[in-house]
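Asker: Residue numbers (numbering that gives the first Met the number 0), protein chains in the order written: chain Z, 0 to 768; chain B, 0 to 94.
FYI, nobody ran anything at the bench for these hints, they're computed from the structure. Glycine is no exception: its CB is placed at the ideal position from the N, C-alpha and C atoms. Don't take each hint at face value.
To be verified - Going by beta-carbon spacing under 8 Å, a handful of chain Z positions derived as facing chain B: (1) G220; (2) F223; (3) F365; (4) W366; (5) G367; (6) R384; (7) E385; (8) K389; (9) G395; (10) S397; (11) L398; (12) P552.
Here's the letter readout for the chains.
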Amino acid sequence: MIDKMLGHYRIISKIGQGGMGVVYRARDEVLHRDVALKVLARETGFDTSSREYLLHEARSSSALSHPNICTIYEIGEFDGELYIVMELIEGKSLFSLIGTLGLPIESVMRYGIQIAAALAHSHDRSIVHRDLKSSNIVVTSQGLVKVLDFGLARRLPRAAMEDEATQIMGPVDSHDRIAGTLSYMPPESLRGQTADARSDIWALGVVLYEAACGQLPFRGGTSFEVSSAILHELPPPLPAWIPPGLWGVIQRCLAKEPAQRYQRASEVQAAIEAVQSAAIVGASVPAGPSGGPPTTVFRNIRHANVRSGDALLFVGTTKGAFILRSNSQRTHWDVGGPYFHGNSINSIVYDGRNGRHRLWFSTSSFWGTFLRSSDDFGKSWTNPREAQIKFPAESGASLKNVWQISLGRPDEPDRLYCGVEPAALFQSDDAGDTWSLIRGLYDHPHRPRWTPGNGGLFLHSILLDPTNKDRMHVAVSAGGVYSTEDGGSTWQARNRGVRVVFAPEKYPEFGQCVHKIVMHPSRPERLFLQNHWGLYRSDDAGQTWHDIANGVPSDFGFAMVAHPRDPDCVYVVPVESDEFRCTPGGRLRVYRTRNAGASWEPLMRGLPQSGAYETVLRDAMTADQLEPTGIYFGTRSGVVYGSIDEGKTWKKVLDGLPSVVCVKAAVFGELRISRGARPGSKSKSGANTDARTRSTAYAGQRPPGKANSPAKTKSREKAESPGKAKPRSRSASSAPGKVSQKQRRAPVLPGKSASAKRSSVKNKKRGRK
Amino acid sequence: MLVRFQIPGPLRQFTGGSNQVQIETSGSSLLEVLTDLWAAYPGIRDRVMTEQGRIREHVSIFVGTENIRDIGGLAARVPAGGEISIVPAVSGGRA
């Protein structure tokens, strides 16, 4: 068909194929515009029935003129080919936009209003769509909704629109064929009754439900099961973050009896508009009569478009959080945020247990500390009316901050822990709905004698032994390490061998200012500890500790990360001293041991080696689960660095942030390996290509609010491309020989500047001394 | 009696976006009047008070133009038709 002329239309390319015809992009040679041209091809059933349907589609739709309805220009026949000429709409189907996660709530409402408006227009002209579904709704890049395919629409007798009794009690139209996709079909159609405008309202309810959560409301493995669910079952409740008002609209659309639904699409439109106007930008939707929790919907900020298989980074700062996504190459990151701007995000955890993809943030501001969760990667968040974590009245204590949110073990998918300030441990066994103070630790006789450090008195590290359900360790600054062997009922101080520099007794039973402890999951009896002065290892689950500060420029520091696969490998970022909590000599270096602390090596390639007086806070460094392991950290000056080769080389991921408090990494779903990924990378899916092409190149990019203009970004990419900038090219060629050609072309491994090289040489010499 | 509350921006999410709300109350102390505010607009209490019932450190409350610190704290008397302002305290020095 390509290049063939149908009348004055030249066929350019095939766009798609539907049940009744093939759709082409075509050129109107008279009006000089591109159009969509639907041809009822002879070989795909050019019989009288199909022909009548096509003609019917054209006649129905041509009566409609509305910005949310695809315009019909013309119907024609040429050389036996019957065709319809329509407005060419460039966009994506709502079905593809919804994916498996659903849309942000504000998009559900924005699109829902437009779909309802389209239906209202057609219903006013006595035209029922009868095949409304997410795959025949297109959203343009400007966010304009176009309802397509009034192919099954039928012109109702006007009396039927006005006489409800006729609609409900009228005889079954035996000539009606059951058409349309089953999942969107209303009960009355399944019963063979006449479809009317309210059947479209049912389908609109299905579309809204699907858009809100990514699932159809009536499901089943067979047509019979789906039909049965439509006829007899209620739609499963939508997740808690869906505004109750919207859920109410959807439920009314999905009433089994047409008389109990909205009677007109314009009513649905008005109802969604009412819910929308109640939703305040960046604020809660007031709860409806059901009393469900309000939800915070973030509009007007950029969201990272997270898909299954993505590598994710979560960055919490003193003034908000950012969500970054990349493919398995981890060279280009899309940045979403800031989330909860103005709040300090002191802890983040990603919960992928039990099929979830839930983010937990602890947010802290003048208005208190709250746990907020999102199941759609930041688009909407729970917004609890009450603070979830509260100290009991008799304690007299008040929550100041949540410094650590930790997951329970994989076989305890609803368990979470929080380490808080003032120092205490809280536990939830219902996926975060309710929390209780772990009294065994809070009532420990040592607790009244714990003393606050510079940052306060708080519990910041929580380690669960994966092989012993009764054993866990926590660390308190400044109280020391405490462990339980009975699931939290009783706790013992485990600080033997850890030195104190700020009290006369150098090795007390407790009172150590522990900054961080980490555990290797495959060898849980081994712990590493970054102390307020001192690096330590324990090989007996914390019973005894040994000094391992062998070759670090300072054993003072905060951040510490265990390699996810090598139990002998740990990373730290030393700072000069307790009085000058900055990287020694203005050189930003990560130190790594690969022999459990017998020696340490500096990792500095790509990190600033002069004038970098940085601090990396205790939760601001993390490792991902990919191979080679990615290591990421953020600084108090608001820069995030990443290494995708286990620390050998580093690259700036994001800068211009407020002070970074915490950095976490995760993989959403199964890893998708992209083209050009390093050999050896693991993938459960085994896919070797990445369909995504729209990700924004990053090269020390700024957060969305401070984004460069596209032109500037482009020129920056060019400037950073090793192939175009000679100094980079030189340094890239000096990169280790195992780096692939593809990687050499990518702006992955920034080489050192000449001054950095000189500095590096000097440092080496100094190190030898 | 009727009292009027001035609601700061971050808390308007719990008042349907309104920057002021009126409460019919039989209370006369600030705590009694606030308790009626909590009941009418759930969500505000835990943002203004700690779980121990103290006003948060960086939140100030005024009855008329008087900071409640100077007129008896939560026991301060609220006159009929009084205006109560909840405002974030001026605090600085930390980034």
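Asker: It remains to establish, for every hint, whether it holds in the given structure.
Answerer: Outcome of the hint check:
no., hint, in the structure
1, G220, "42 Å, violated"
2, F223, "45 Å, violated"
3, F365, "4 Å, holds"
4, W366, "4 Å, holds"
5, G367, "5 Å, holds"
6, R384, "4 Å, holds"
7, E385, "5 Å, holds"
8, K389, "4 Å, holds"
9, G395, "6 Å, holds"
10, S397, "4 Å, holds"
11, L398, "7 Å, holds"
12, P552, "27 Å, violated"
In summary, the numbered hints that this structure violates are 1, 2 and 12.
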